[in-house]
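**Q** Sequence:
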Amino acid sequence: MRSTATILLLASLLLTSCQSLKSNLTAMSQQKKYCEPAFRFDYDSTYLPIPDFQSVIQKDTSLANRFSSHDLLVANAAGILPSLHEFIILKTVNRESNDRELSAKRQQINDRISLASMQISSIAAELDCEAERANRLANYLQQMDSKRIQQLTVLSVVVGALTTVATAFIQSDTPSKTVSIGGGAISAFLAGKAAFASKRTIHLVDQRNLLTDIWNQHQRSTVYPPFVWYMLTDKSFSYGGQHSISFNTRQRWVDYSLDGTSAQEVQMYFAAEGDYRADNLSTRAEMLNQLQSEVRLIVQDLQSLLLNVSKQF
3 MRSTATILLL ASLLLTSCQS LKSNLTAMSQ QKKYCEPAFR FDYDSTYLPI
53 PDFQSVIQKD TSLANRFSSH DLLVANAAGI LPSLHEFIIL KTVNRESNDR
103 ELSAKRQQIN DRISLASMQI SSIAAELDCE AERANRLANY LQQMDSKRIQ
153 QLTVLSVVVG ALTTVATAFI QSDTPSKTVS IGGGAISAFL AGKAAFASKR
203 TIHLVDQRNL LTDIWNQHQR STVYPPFVWY MLTDKSFSYG GQHSISFNTR
253 QRWVDYSLDG TSAQEVQMYF AAEGDYRADN LSTRAEMLNQ LQSEVRLIVQ
303 DLQSLLLNVS KQF
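Each residue of the sequence shown is one higher than the one before, counting from 3 in the working numbering.
Please keep in mind that the hints were generated in silico from the structure rather than gathered at the bench.
We put the CB at the ideal spot given by N, CA and C, even for glycine.
Any given hint could turn out to be false.
To be verified - Here are the computed distance ranges between Cβ atoms for each label pair: (1) E103 with T63: 32 to 38 Å; (2) Y45 with R298: 18 to 24 Å; (3) K61 with N100: 19 to 25 Å; (4) H205 with I91: 28 to 34 Å; (5) Q60 with D281: 16 to 22 Å; (6) A106 with F43: 48 to 54 Å.
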């Protein structure tokens, strides 16, 4: 009986030791502002996109004659459409006094394009940070599960060996059978636990969830800069022009990343916090990386605008 008690005590100690590693994850997973900017950005409403800018273009063809419709769309997103129009007017007036005004307007346009580029980089960096955090947590949980399986497997072998040795030294028939049956049951139990995947979860907090506005298809966003959000939600910037970039991104999540996922888990990905398994964290990282790629591609549109604006300077 003492041998059986020793085996049970050894099993209990090794199983409880697996739980101590979880405390190391708390700092990373539950920081509310892990990847957020350290301060809030206040965007000048003067440079917000014009809702019905097509009517502005139709009234005055000076811009349409110099820029493609796509470049004008990007210029409107960046909030520089009025500045471009003013620059063209100043340029057509042949006065020496205009040189200073032209230079100031040129600088203003360049500053706004630079700011738009920085907004792209800022959001892309935040998405990358959140994806990296999810991947690190997923890897940590997977490593913990691997250690759990390894410990259970080793423990099962040790229990089997101890059972064999104990049975050989016990002369009495009844205690020998008790040890043999008890040790075999424990060994089988440990082997069975090792065969099943761990349901270990970690509580992840992300109050500024950059996936949420994309999933809910909001018209306005409080986390994305106006320029980036306009580019993501206006269907003119997507291939084919039937749906916006944000809509197409959401649809890819539905078709590939979230296929076969329960409604409860789907809502967890777009909430401010939730209990994530390793596979959930990997899926979250995948969606963040997809969105990051779409945001980074906006640089191509901005580059086209900058090249054509430079020709006018």
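**Q** With respect to the beta-carbon atoms only, verify the hint that K61 and N100 lie 19 to 25 Å apart.
**A** This hint holds: roughly 23 Å between Cβ atoms.
**Q** Against the range 18 to 24 Å, how does the distance between the Cβ atoms of Y45 and R298 compare: consistent or not?
**A** Cβ of Y45 to Cβ of R298: about 20 Å, so the range 18 to 24 Å holds.
**Q** Mind checking the hinted window 32 to 38 Å against the Cβ distance between E103 and T63?
**A** Violated, since E103 and T63 (Cβ atoms, about 22 Å apart) do not stay within the stated range.
**Q** If I claimed the Cβ atoms of A106 and F43 lie 48 to 54 Å apart, would that claim hold in this structure?
**A** 24 Å, violated
**Q** When you take the CB atoms of Q60 and D281, is the distance between them in 16 to 22 Å?
**A** 52 Å, violated
**Q** Does 28 to 34 Å hold as the CB distance between H205 and I91, or does it fail?
**A** Distance hint for H205, I91 is violated at roughly 58 Å.
Hints 1, 4, 5 and 6 from the list above are not met by this structure, while the remaining hints are.
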